[in-house]
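Asker: Chain by chain, the residues run as shown.
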Amino acid sequence: MEPLERYLNNLSKLLPAAQRDDIIRELREDIQSELEDKREELGRALSEQEQTELLSRRGNPLKVAAAYRQDHRTLAFGRQWIGPVLFPFYIRVLTFNLSLTFFILAVIFAALYIGGQTVHLGDVFSNFLLQIFLQFTAVTVIFSLIERHLTKHPGHWTTQQVRALHLPRLEKNVREVSRFESISIIVASTVALIWMQAVWSHLFLIFGPAASFLRLAPIWHQIYWPMVAIILASILRATINLIYPNWIRFRAAARVLFDAAGLALVYVLISAQHYVVLAGEATAQASNKEHMLQVVNQWTYYALWAAAAVAVAQTVGSLIRFVRTIHGPSAAGI
Amino acid sequence: MTPSQDTSALFENLRLELRRGSLVLAVLACLRSEQYGYTLRKILADLGMEIEEGTLYPLLRRLETQGLLLSEWREADKRNKRFYKLSPLGAEVLEKLLAEWKALDSSLDQIVKG
Numbered sequence: 037m038e039p040l041e042r043y044l045n046n047l048s049k050l051l052p053a054a055q056r057d058d059i060i061r062e063l064r065e066d067i068q069s070e071l072e073d074k075r076e077e078l079g080r081a082l083s084e085q086e087q088t089e090l091l092s093r094r095g096n097p098l099k100v101a102a103a104y105r106q107d108h109r110t111l112a113f114g115r116q117w118i119g120p121v122l123f124p125f126y127i128r129v130l131t132f133n134l135s136l137t138f139f140i141l142a143v144i145f146a147a148l149y150i151g152g153q154t155v156h157l158g159d160v161f162s163n164f165l166l167q168i169f170l171q172f173t174a175v176t177v178i179f180s181l182i183e184r185h186l187t188k189h190p191g192h193w194t195t196q197q198v199r200a201l202h203l204p205r206l207e208k209n210v211r212e213v214s215r216f217e218s219i220s221i222i223v224a225s226t227v228a229l230i231w232m233q234a235v236w237s238h239l240f241l242i243f244g245p246a247a248s249f250l251r252l253a254p255i256w257h258q259i260y261w262p263m264v265a266i267i268l269a270s271i272l273r274a275t276i277n278l279i280y281p282n283w284i285r286f287r288a289a290a291r292v293l294f295d296a297a298g299l300a301l302v303y304v305l306i307s308a309q310h311y312v313v314l315a316g317e318a319t320a321q322a323s324n325k326e327h328m329l330q331v332v333n334q335w336t337y338y339a340l341w342a343a344a345a346v347a348v349a350q351t352v353g354s355l356i357r358f359v360r361t362i363h364g365p366s367a368a369g370i
Numbered sequence: 008m009t010p011s012q013d014t015s016a017l018f019e020n021l022r023l024e025l026r027r028g029s030l031v032l033a034v035l036a037c038l039r040s041e042q043y044g045y046t047l048r049k050i051l052a053d054l055g056m057e058i059e060e061g062t063l064y065p066l067l068r069r070l071e072t073q074g075l076l077l078s079e080w081r082e083a084d085k086r087n088k089r090f091y092k093l094s095p096l097g098a099e100v101l102e103k104l105l106a107e108w109k110a111l112d113s114s115l116d117q118i119v120k121g
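As you go down the protein sequences, you meet chains A and B in turn.
Numbering-wise, the working numbering comes out as the position in the first sequence, counting from 1, plus 36.
Numbering-wise, the working numbering comes out as the position in the second sequence, counting from 1, plus 7.
Incorrect hints may have been included.
Facing chain B, according to a computed beta carbon distance under 8 Å, are these residues of chain A, among others [claimed, not checked]:
{"hint": "1", "residue": "Glu38"}
{"hint": "2", "residue": "Glu41"}
{"hint": "3", "residue": "Ala54"}
{"hint": "4", "residue": "Asp66"}
{"hint": "5", "residue": "Ser69"}
{"hint": "6", "residue": "Glu89"}
{"hint": "7", "residue": "Arg94"}
{"hint": "8", "residue": "Lys99"}
{"hint": "9", "residue": "Ala103"}
{"hint": "10", "residue": "Trp117"}
{"hint": "11", "residue": "Val177"}
{"hint": "12", "residue": "Leu181"}
{"hint": "13", "residue": "His185"}
With a straight-line cut-off of 27 Å between C-alpha atoms, the simulated DSSO-like cross-links for lysine-lysine are [stated by the list, open to error]:
{"hint": "14", "chain 1": "B", "residue 1": "Lys109", "chain 2": "A", "residue 2": "Lys74"}
{"hint": "15", "chain 1": "B", "residue 1": "Lys120", "chain 2": "B", "residue 2": "Lys85"}
{"hint": "16", "chain 1": "A", "residue 1": "Lys74", "chain 2": "B", "residue 2": "Lys49"}
Taking CB as the label site, the calculated pair distances span [what the hints assert, rightly or not]:
{"hint": "17", "chain 1": "A", "residue 1": "Glu89", "chain 2": "B", "residue 2": "Leu105", "range": "25 to 31 Å"}
{"hint": "18", "chain 1": "A", "residue 1": "His257", "chain 2": "B", "residue 2": "Arg69", "range": "54 to 60 Å"}
{"hint": "19", "chain 1": "B", "residue 1": "Lys92", "chain 2": "A", "residue 2": "Arg56", "range": "33 to 39 Å"}
{"hint": "20", "chain 1": "B", "residue 1": "Glu57", "chain 2": "A", "residue 2": "Ala300", "range": "38 to 44 Å"}
{"hint": "21", "chain 1": "A", "residue 1": "Arg56", "chain 2": "B", "residue 2": "Ala110", "range": "38 to 44 Å"}
{"hint": "22", "chain 1": "B", "residue 1": "Lys92", "chain 2": "A", "residue 2": "Ser83", "range": "32 to 38 Å"}
{"hint": "23", "chain 1": "B", "residue 1": "Asp53", "chain 2": "A", "residue 2": "Ile60", "range": "25 to 31 Å"}
{"hint": "24", "chain 1": "A", "residue 1": "Ala300", "chain 2": "B", "residue 2": "Arg69", "range": "49 to 55 Å"}
{"hint": "25", "chain 1": "A", "residue 1": "Thr173", "chain 2": "B", "residue 2": "Glu19", "range": "27 to 33 Å"}
{"hint": "26", "chain 1": "A", "residue 1": "Ser48", "chain 2": "B", "residue 2": "Arg69", "range": "51 to 57 Å"}
{"hint": "27", "chain 1": "A", "residue 1": "Ala269", "chain 2": "B", "residue 2": "Leu21", "range": "43 to 49 Å"}
Please keep in mind that the hints were generated in silico from the structure rather than gathered at the bench.
None of these values were measured; they are calculated from a predicted model.
Beta carbons: idealized from backbone N, C-alpha and C, even for Gly.
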């Protein structure tokens, strides 16, 4: 019954929490009845391969779960861009990305204000609107491409599901990497890359009106490519786990590496102590800009120490999880 | 996408749309006698009304929420199964829907024959 349990386990993560147990109980009964019928028809027990084929015919778990949701919202401009299957994932990723961007912007504007820079409400508003537009466009384009792929190849994920079911036998209680987590990381990291590239060439996206006299310090140029490499590696890791969700140990090992690399970058940044500099033409100007520069650098320095604390905790946590995948009771996966 | 693929995709969409309304009627009619999901699906398939599990079970839940069906978990064949049957409200609605369907069928018949 292992393929059945794995199928239901995979599906249950996508179902509405309030009805999850009831739906799984009913589906389990339905599948068991079908397996019994097949057994009677063949006069023998079904092989794992046959069970897997029978389950794969039930379709993509994302679509099966979507049918149970009362929420059938979609995104449509003329034609449907994001259907009800992906819409809940889309909203969650968009909310996460926007919240993070708004937090960063709020910190920067607050630092500029405290540093003595005049911050106009119009500038704040237009900057936030621009971020909404950029994030909305990037996330929507990525999700609409996934939607298009799902519509064109409705069986594709089912095939992946079957392949996952074919993987070596797992111990009980081994968790799998949820598809939601993998998809979210792929989309959020891709948007982060696009956003980084946009900020790099258009500093007003992050500095607002202060972009006319502030520039990123050289340290950012030094760590740009390592940051891009870590993000690309995260996308690759999530893609692999999307195809092989039970590669728990692989995810744990990759997380240790990425968290350690992230920690090293934070260390390099803390050591630098200067994060923004005045633009060439602004250096000759009044001391209030120098004062503002000091405030922004100081705030960034403190924020980096906070980030370092979080990064250390995260790395230790990842390391513990990795050790558990080797020695723990649920040691399994690749 | 080739024109023939376009046509078949269009036909498939229209076919599904046409079936969607009929499925509710078929399920309600079948549940005049008590059934659990799997046997209901088999009965419908045997009568030429194939329905995927991914469509049937959410539909049963929706009809139950709307008060048209009643359900209970009970042991049968050494396993717990969820049995569904038409509620009094469901029976009343089914009669009205059947009358509507017959009227539609008769109208369509006349329209098609010209």
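Asker: Against this structure, judge whether each hint is valid.
Answerer: Hint-by-hint comparison with the structure:
no., hint, verdict
1, Glu38, "violated (19 Å)"
2, Glu41, "violated (16 Å)"
3, Ala54, "violated (12 Å)"
4, Asp66, "holds (5 Å)"
5, Ser69, "holds (4 Å)"
6, Glu89, "violated (15 Å)"
7, Arg94, "holds (6 Å)"
8, Lys99, "holds (7 Å)"
9, Ala103, "holds (4 Å)"
10, Trp117, "violated (18 Å)"
11, Val177, "violated (21 Å)"
12, Leu181, "violated (17 Å)"
13, His185, "violated (14 Å)"
14, B:Lys109 with A:Lys74, "violated (38 Å)"
15, B:Lys120 with B:Lys85, "violated (53 Å)"
16, A:Lys74 with B:Lys49, "holds (13 Å)"
17, A:Glu89 with B:Leu105: 25 to 31 Å, "violated (39 Å)"
18, A:His257 with B:Arg69: 54 to 60 Å, "holds (57 Å)"
19, B:Lys92 with A:Arg56: 33 to 39 Å, "violated (25 Å)"
20, B:Glu57 with A:Ala300: 38 to 44 Å, "violated (58 Å)"
21, A:Arg56 with B:Ala110: 38 to 44 Å, "holds (42 Å)"
22, B:Lys92 with A:Ser83: 32 to 38 Å, "holds (37 Å)"
23, B:Asp53 with A:Ile60: 25 to 31 Å, "holds (27 Å)"
24, A:Ala300 with B:Arg69: 49 to 55 Å, "holds (53 Å)"
25, A:Thr173 with B:Glu19: 27 to 33 Å, "holds (32 Å)"
26, A:Ser48 with B:Arg69: 51 to 57 Å, "violated (20 Å)"
27, A:Ala269 with B:Leu21: 43 to 49 Å, "holds (47 Å)"
This entry does not satisfy hints 1, 2, 3, 6, 10, 11, 12, 13, 14, 15, 17, 19, 20, 26, going by the numbered hints stated previously.
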